[in-house]
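Enquirer: Below, each chain spelled out in residue letters.
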Amino acid sequence: MEQSRALPTEVDLSRPSAARVYDYFLGGAHNFEIDRQLAEQIAAMTPNLADTMRAGRSFLRRAVAELTRLGVDQYLDIGSGIPTVGNVHEVAQGINPEARIVYVDIDPVAVAHSRSILEGNTRTAVIQADVRDPEHIVAEARETGLIDFAKPVGVLLAGVVHFVPDDDDPDRLMAVLRDAVAPGSYLVISHSTYEDQPQEMLDAQKLSARTATEITLRSKAQVTGFFGEFELLEPGVVHMPLWRPDSPDDVDDHPERFGAFGGVGRKPVAG
Amino acid sequence: MALSAAEISTSGAQRYAARWTRAIARRAFVPMSSDEVETLLTRHVVRLAEALRADEFSAEPAREVGRALVDANLTDPGTLNWSLRALADHLVDDVVPGLDRPDLAARISESQAALAETFATALRDRTFAQQERISRSAWEARNEAEQALRDSEARFRAVFSGAAIGIGIADLSGHIIDVNQSFTAMLGYTRDEMLAINVADLFYAEDDPGMWQLYKELIEGRRDRVRLEKRYFRKDGSELWTDLAVSLIRHDDGRPRFTVAMVQDITERYALQQRLRFQALHDPLTGLPNRTLFFERLEAVLRDAAPDRRVGVCFLDLDGFKAINDTLGHDVGDKLLIVVARRLAEAVADTGSMVARMGGDEFVILVADVDEDGTAVEVAESALRAVADPVYIGAHQLAVSASVGIVDRLVSEGTATDLMKAADTTLYWAKAEGGRGRWARYDPDRAAREATSTALATALPSALGRDEFVVEYQPIVSFGTGEVRAVEALVRWQHPTLGLLAPDQFIGLAEETGLIVRLGQWVLERACVEAGKWHTEFPQARMTVSVNLSARQVSDPEIVDQVAGALEASGLPPDLLQLELTESAVMATGGEPVRALRKLANTGVRLAIDDFGTGYSNLAYLRQLPIHTLKLAGPFVDGMRSHDPAAVVAERIVDALVRLAHALGLSVTAESVETPEQVERLTALGCDSGQGRHFGTPAAPSAITELLRATG
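Protein sequence lines, in the order shown, are assigned to chains A and B.
Counting in the working numbering, the first sequence runs from 1 upward without gaps.
Counting in the working numbering, the second sequence runs from 272 upward without gaps.
Chain A with its partners taken away, still in its complex shape:
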């Protein structure tokens, strides 16, 4: 592991990047032909996917806004990708200008992009790291000086844990993150699922292997398990549009079609 930090990560532009494909689905132009080809292939099979991504982005926006209103003023956004619009710092700082955000992504291009976007914003920082190495993430985040782990932190894992295969022990890395933060901290997770999904969605999942990592779909119980001893905020782990919608009208007739669960949990305060 020591080595992977010391050696430069290869930048291979001949392969699609999950972060850039995601950006394309969100309407951005931060992508290359190779990314768009894959995105169109996926979209052709699962017309809902763009919606899913927008729904995921919307869930994250609502969750961050909610936590910021609850008083959280420091965030660790793991797997932040290429922030086009509506980034966590925009949402959080829009409510509390003092809020601090540390973005983490494994993709060196995404990291470079984030740095250029965030230039001049002294309350944000970007770390290149692998979600599978949570100790490293926590140590680096602490080093930025932006996050005080003695105080509540909002740890955001939006559409990222499904990139961690079971072999890499996602339960362990979640436990490390939960243990690293102070009581009163929050954990925000959105995660793709096979529950209630049509076959096309499951086939699309296989295509994701063409990006750097494959997606592992998980059940609601598994996703709930990632929260550990954290207490789930109402309404618990649900299909993403159902999590505290801005208005009842925003909820689709078939919220399961977005193929992902979202939830927010809070670390219990002792006594």
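No lab work stands behind these hints: they were computed from the structure.
Idealized CB from N, CA, C, for every residue including glycine.
Among these hints, one or two may not hold up.
Said to hold, decoys possible - On the chain A side, residues computed to face chain B include the following (Cβ under 8 angstroms):
hint, residue
1, 13
2, 14
3, 26
4, 30
5, 31
6, 54
7, 61
8, 85
9, 90
10, 108
11, 113
12, 248
13, 249
14, 253
15, 254
As the list claims (entries may be wrong) - Some chain A residues near chain B, calculated using beta-carbon distances under 8 angstroms:
hint, residue
16, 11
17, 29
18, 109
19, 116
Knowing the structure of chain A, use the given hints to seat chain B on it.
Expert: Frame of chain A, contents of chain B only:
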């Protein structure tokens, strides 16, 4: 001309905005709640409507809306489609119902055109900006990665070229891809020369077996690293010893890719080790293997050879070497040893034997293969011949000889230590026989006997303390009356493991060790006590006890007091004690013993000469001694048993001795009397008494008591 000023319908604007929101909400990600989107769009709707109903038309609001849509990330083509269509079809009816202007259609068209133009322009600008940004980010990321790679490469280069250890990289075909300066310097090749060499060329026939195999396993990916001591030959042919570590570098998928060899020059250390090892195993004076190496080899032979093979050892020692050292000096002595060592090595060179110097003037030859009987003797003889030629050292001509102890035996018979102990013993035998070019061969029976003697000699002193000795008594019978007149006290050793030992098995040892004095005194006292009891119980029998005195006892100044003490303690009358002395004890010297004999005789004890006729008696001298009895040695009596001419000679000698004794006034006792014929003849010759198996073997005191009781 004033036209009807249609008013903006707020509720209509909201309704329009709500439809707009629904139409586009699902087409793009908007980082706002739908209420916020609707509020935003309502503002745009009002501005578009205001422009349509204004007295003086301006397309600017439509242009701004086009830009604003893109700024709000409402960039989906469907958004533009809906926006333009609705502007024409519904805006007026919904938001400014009743607006009627002649140029309304033109205004709507112009608004549409303006909105579309700025939307497209903004979208194009945004796309350019985002493409620009992502490209720059990709470039930066790649640049950073490459910079890091270059830094890493530079660090590696610095280590590679600056390292004191040699580093070489080769592909799997053995082609050397790169070597550093240290490696080329070690081997004396230039870099280009090294790059033309195949790794296989650096393996030699002299390498340890298995080295090539290790390399093969490495390049086949069956092991990841190998570390060993390896010799290379430099370009100039000289040897380079190295501590070599080879690692395998694999492809990402695990396939072997390169080998990296790291070598450290340990030539000096290796040479030093070799030198130290040689010094540790060789004699610095002669250069021959020393005893350590000899034992290493011997043990290897004993360990590795089949049990039915034989191994031989010749242990050689120069005769009189000490005298050479003492008279001609150690320098000459050392030079002699060097010559002898060289000659011995040459003498056995053909046989494959090994000569080692054990120390001093002792050499040993290991004859590894002695399956032919006598091979070891041949080796020993050739060694003796080699030593025997005169040696010239400076002005000195030295005639040297040696002695050799030879042991050859099955490898299964005992350890190296046993073998060398046997060789040492055998060398001692050869020396004891006079040395001077003599060899002796190991005889296990002799060694066993000597070992037993040694063991007995060691055990003797404590045996006396532990009361392991017993005294037995053999009757001496008068030929005239047939009565038992005396008994000879004979000591026996009741050995705890060897059983009852006869005097000939330990008296000699007791004499050698000086213990005979204490042992003899103990026998004397014990015999006096027994005889005293017999005298008390059977006073008429007048039974004499005869006790042997060794030469040492006779010459002991205390002897007279000891005899007197024994008599006094036992109450035995002095004339019932006879002391037997050997001829040599009596005759050896004049002086002190003779005086002691007279004093003893004066106390009233009787004196007898034992084994008469086997020593050298000075007959004139004999006459002057206070002797009472002669005991004829057994061989004379033995000789009288047959009827051949020799028996006649024996009988004449006995006749002469008896006459001689009687002439001197001495009585005669015959020993070893075994047959009635012997009794008859000895009686006829006038012999006074006899002892031997015919009259009874030595017996316990109780048996003598029984005898006395029966006759008394």
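Enquirer: Run every hint past the structure and note whether it holds.
Expert: A quick look at each hint next to the structure:
no., hint, result
1, 13, "holds (6 angstroms)"
2, 14, "violated (12 angstroms)"
3, 26, "holds (5 angstroms)"
4, 30, "holds (4 angstroms)"
5, 31, "holds (7 angstroms)"
6, 54, "holds (4 angstroms)"
7, 61, "holds (6 angstroms)"
8, 85, "holds (5 angstroms)"
9, 90, "holds (7 angstroms)"
10, 108, "holds (4 angstroms)"
11, 113, "holds (4 angstroms)"
12, 248, "violated (11 angstroms)"
13, 249, "holds (7 angstroms)"
14, 253, "violated (12 angstroms)"
15, 254, "violated (13 angstroms)"
16, 11, "holds (4 angstroms)"
17, 29, "holds (4 angstroms)"
18, 109, "holds (5 angstroms)"
19, 116, "holds (6 angstroms)"
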